[in-house]
Amino acid sequence: MSCPRVFKTSRYQIFKDNNPERVQGTCEWVLGHEKYRQWYNSSGNDLLWISADPGCGKSVLAKSLIDNELCSTDNHNVCYFFFLDNEEQESFAAAICGLLHQLFSLQTFLVRHAMEAYAKNGDSITTEVDELWRILKFLVTSRPYQDIESVFRNIPPHLPSIRLAGEESNSDIGKEISLVIKEELHLVMDEVNSTWGGKRTLKALAKKVDSLPKRVEVACERILSRHSRGQQREARLLLHIVVGARRPLTLSEMDVAFQLATDSPHATRHDDLDVDRNYPKSRIRELCGLFVFVNDERIYLIHQTAKEFLVKRLGIHRPEKETWAHSFDGQISNQIMTQVCVQYLSFNDIRDDLFLQQTGNCGSSSNSYPFLHYSAIHWCTHFRNTYIDDESLIHLVLPLYDASNPRFTTWINFLLEEIPGRQKDHWLAFDSLHFASFNGHNRVVRHMLETFKFSVDVSDREGRTCLIWASMKGHEETIDLLCKLGANVNWEGGKYGNALQSAAAHGHSKIARLLFTWGARIAVTSGYHGTPLTAATYRGDEELTSFLICHGADAKAMGGRYGTALIAAACGSHRSIVQYLTDHGANINAEGGHYKSALIAACYGGHEETIRFLLEGGADVNTQGGWYGNALQAACCGGHLTVVELLIDKGAEINALGGRHHHALQAASFSNQIRIAEVLIRHGADIDTQGGEYGSAFQAAFYRGHDKMLELLADNGADIDIQGWHGSALQIASVRGHSNIVDFLLQKGAMIDNSNARHKGNLYAPALISASICGNYDIVKSLLLNGADTSVRSDTYTSCLQAAAHHGHEKIVRLLLDHGADVHGQGGPYGTALIAAVSNDHRDIAQVLIEKGADINGKGGSFSNAYEAA
1 MSCPRVFKTS
11 RYQIFKDNNP
21 ERVQGTCEWV
31 LGHEKYRQWY
41 NSSGNDLLWI
51 SADPGCGKSV
61 LAKSLIDNEL
71 CSTDNHNVCY
81 FFFLDNEEQE
91 SFAAAICGLL
101 HQLFSLQTFL
111 VRHAMEAYAK
121 NGDSITTEVD
131 ELWRILKFLV
141 TSRPYQDIES
151 VFRNIPPHLP
161 SIRLAGEESN
171 SDIGKEISLV
181 IKEELHLVMD
191 EVNSTWGGKR
201 TLKALAKKVD
211 SLPKRVEVAC
221 ERILSRHSRG
231 QQREARLLLH
241 IVVGARRPLT
251 LSEMDVAFQL
261 ATDSPHATRH
271 DDLDVDRNYP
281 KSRIRELCGL
291 FVFVNDERIY
301 LIHQTAKEFL
311 VKRLGIHRPE
321 KETWAHSFDG
331 QISNQIMTQV
341 CVQYLSFNDI
351 RDDLFLQQTG
361 NCGSSSNSYP
371 FLHYSAIHWC
381 THFRNTYIDD
391 ESLIHLVLPL
401 YDASNPRFTT
411 WINFLLEEIP
421 GRQKDHWLAF
431 DSLHFASFNG
441 HNRVVRHMLE
451 TFKFSVDVSD
461 REGRTCLIWA
471 SMKGHEETID
481 LLCKLGANVN
491 WEGGKYGNAL
501 QSAAAHGHSK
511 IARLLFTWGA
521 RIAVTSGYHG
531 TPLTAATYRG
541 DEELTSFLIC
551 HGADAKAMGG
561 RYGTALIAAA
571 CGSHRSIVQY
581 LTDHGANINA
591 EGGHYKSALI
601 AACYGGHEET
611 IRFLLEGGAD
621 VNTQGGWYGN
631 ALQAACCGGH
641 LTVVELLIDK
651 GAEINALGGR
661 HHHALQAASF
671 SNQIRIAEVL
681 IRHGADIDTQ
691 GGEYGSAFQA
701 AFYRGHDKML
711 ELLADNGADI
721 DIQGWHGSAL
731 QIASVRGHSN
741 IVDFLLQKGA
751 MIDNSNARHK
761 GNLYAPALIS
771 ASICGNYDIV
781 KSLLLNGADT
791 SVRSDTYTSC
801 LQAAAHHGHE
811 KIVRLLLDHG
821 ADVHGQGGPY
831 GTALIAAVSN
841 DHRDIAQVLI
851 EKGADINGKG
861 GSFSNAYEAA
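Numbering of the sequence shown is given in the UniProt record's numbering, commencing with residue 1 and proceeding in unit increments.
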């Protein structure tokens with residue numbers, strides 16, 4: 001199975017390859033370190049955190065480890081993601097998708113599990129592969145900053161982690177930097193030879209070398225200050241675009257953006273621009289030297305420290321035109337980016353492109369309008385981060401919010417293409433005022449309310465107001481504006497019920513407290529989570545949980561997907577919140593929601609510390625109900641062996657019935673948890689218990705194609721001919737093309753259904769007909785060799801020959817004929833095999849049948865003869 005494209009959301013390989021190769025002899029401060037060797041040689045799922053100061057080569061180290069020292073083998077796989085301060089490389093979701101995409105590319109057999117989960121659960125797909133994380137090692141590099149260190153301090157003690165502090169090995173790192181300098185020295189000498197040409201003395205050369213800057217900041221100033229005032233202005237604009245862009249721009253995008261910022265500030269059409277994607281590359285080098293580089297047609301600063309050199313620091317004021325260091329105000333960068341994006345979206349020829357309005361097709365427009373996709377996706381963020389009151393800019397923005405204006409349709413179509421299908425309907429449900437609130441565009445919101453006299457509480461088609469949308473995105477100033485204008489802070493509507501729950505569900509604790517000061521009611525039940533408290537506990541927000549409890553939230557309140565706040569906290573493995581809620585009156589055995597109980601929720605996630613706390617607090621180990629039936633079944637579904645053993649030790653009933661899989665063994669079988677199944681069988685699990693989605697443990701295993709599980713169950717006495725709604729194991733394996741399972745079943749003595757009885761009770765036809773329909777040649781051959789009757793019938797086909805002929809499987813038709821299939825057999829909707837073949841225009845098969853004696857005038861079924869069918 002090929003890796004699903006849905007996980008390819010970033011250019012993770014290019015992010016890695018943007019870093020240089022390591023120079024021989026470097027990175028030894030890590031590779032030779034005792035803690036690295038300890039991590040490398042350990043058998044557990046340890047985390048190695050390597051910290052070092054900026055410029056010490058952490059990214060170079062990581063690239064080398066991926067490509068060389070730790071490269072993937074048959075025994076292990078290496079997945080990676082490089083974070084950086086731009087929208088493409090700062091997203092946790094993009095990192096997870098990148099890791100999963102690499103993992104599924106390397107281990108393609110895992111894809112089927114993920115795709116089924118994705119189809120059912122969307123963004124919660126990662127819960128289907130929890131067991132994968134148990135066999136991973138993590139290596140993380142970072143700077144040794146306090147805010148990063150505080151996060152690592154919170155790693156639970158039962159998760160092993162190792163700290164390798166490079167900042168304590170600065171002398172070793174310094175020696176390695178010298179090696180890199182020596183490696184690159186030939187570049188300096190090439191420059192010297194080309195500049196001096198051997199015409200100056202060594203004394204003059206030494207004098208020149210002595211004049212070189214001793215500090216990086218001074219070198220950067222020289223690089224960027226070597227031009228005339230006019231060129232420096234252009235360089236400053238170019239760097240504002242590079243620094244301000246939400247992701248690295250392509251050369252074509254930069255060509256447009258730079259022209260709009262410099263040569264064409266009044267252009268009204270794309271045709272007014274002189275587009276040449278080769279020009280920016282030479283212009284960038286001319287204006288910025290080595291401060292900026294181009295890779296894979298995209299433009300990057302030479303290093304993260306280059307951005308830190310340019311961007312203004314808090315509390316430091318430097319006149320922008322006097323120096324380069326820390327002179328770039330983020331608001332100015334965003335103002336420039338807003339100006340060029342909005343101007344481009346306002347171009348008349350883009351507005352008049354009717355095809356683009358109707359489709360919003362990114363692919364078809366990238367060549368014609370290279371800056372359109374970026375502008376449509378990111379102008380909203382740039383404008384929100386521009387706090388400078390520029391009336392001309394505001395008036396340029398307003399037409400983009402006019403729903404009757406083609407410009408509105410253009411950028412909205414592009415934005416919708418970036419949104420997953422299940423979330424797109426939410427966006428389609430609201431209008432311009434809601435968009436402005438969602439984007440945090442306060443000046444636009446105020447203008448619309450004052451100019452068009454909209455009600456501040458106008459709701460979209462799903463009942464959400466502007467306040468709910470702003471709360472969902474955490475736009476504090478917009479919320480404050482709407483509340484001052486009289487917005488109903490307790491309006492109910494949409495998925496999350498109200499503004500307070502929306503804020504809590506999306507992790508905006510500060511917004512939740514702000515809404516409370518405006519009168520938001522805490523003790524209200526509505527929406528997906530039921531209560532704001534449940535939303536906060538599911539996210540693990542201890543501060544907001546405490547705030548809500550202290551201001552009247554009921555820890556015992558029921559409602560929403562999770563039933564109670566305690567169940568939500570247990571689902572998210574927030575052990576401290578679970579304890580806090582029980583300390584404030586939450587019932588540890590309260591029932592409700594998808595999981596039914598806190599213990600079941602924790603068991604599905606495998607959160608052992610939380611499980612032990614709940615059990616010690618009196619949680620009923622045999623509570624029945626919910627999607628997973630009981631705690632033991634939930635643990636089996638999640639693949640958590642130690643939790644299964646713990647529950648059994650605490651008295652869990654092995655053969656308790658209920659839930660999707662009906663009993664624990666079927667859940668383990670479905671999830672292909674061999675070791676769990678062995679434990680359950682050893683403790684007396686009934687192998688042939690029937691019920692649930694797949695009928696039995698054996699059927700669940702063959703339906704999913706788990707041959708090792710089938711062997712385990714068969715060896716322990718499972719009835720391999722057991723029938724369920726899907727039919728028998730042999731029938732289902734024949735349909736799904738699991739030839740190895742068919743061979744296994746036949747070796748174990750599975751009964752081949754040669755009966756001509758109708759099969760209305762089963763989803764599938766007899767095995768031979770099913771395999772013939774699906775074109776599974778090897779399976780058809782195995783069945784025939786084991787005595788399958790070629791004359792077996794189904795509701796649709798009177799023979800397997802008719803089925804194979806109708807579906808165009810010539811090779812199977814010849815095989816069946818060689819095994820005595822009756823070419824003259826009649827009956828069913830198609831009458832004969834010949835009529836079945838020609839009715840689907842399978843002429844080659846028809847010729848084979850005629851050569852074997854089929855009667856071209858034979859009658860039967862819906863057609864008088866083969867001529868009529870043709």
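Hints listed in this document are in silico derivations from the structure and should not be mistaken for laboratory results.
Mixed in with the good hints, there may be bad ones.
As the list claims (entries may be wrong) - In the PhoX-like style, the derived pairs of lysine-lysine whose C-alpha atoms are separated by at most 25 Å in a straight line are:
hint: 1; residue 1: K484; residue 2: K510
hint: 2; residue 1: K781; residue 2: K748
hint: 3; residue 1: K510; residue 2: K453
hint: 4; residue 1: K811; residue 2: K852
hint: 5; residue 1: K484; residue 2: K16
hint: 6; residue 1: K781; residue 2: K708
Compare the distance between the alpha carbons of K811 and K852 with 25 Å, and conclude whether the hinted pair is satisfied.
holds (14 Å)
For the pair supplied as a hint, K781 and K748, is the alpha-carbon distance within the 25 Å limit?
Within the cut-off at roughly 17 Å; holds.
Run the distance test for K484 versus K510: straight-line Cα separation, threshold 25 Å.
holds (17 Å)
Regarding the pair K484 and K16, is the alpha-carbon distance no greater than 25 Å?
The hint is violated at about 48 Å.
Holds or violated: are the alpha carbons of K510 and K453 at most 25 Å from each other?
With a Cα-Cα distance of about 30 Å, the restraint between K510 and K453 is violated, given a limit of 25 Å.
For a C-alpha distance cap of 25 Å, please report whether K781 and K708 respect it.
holds (23 Å)
The structure does not agree with the numbered hints 3, 5 stated previously, though it agrees with the rest.
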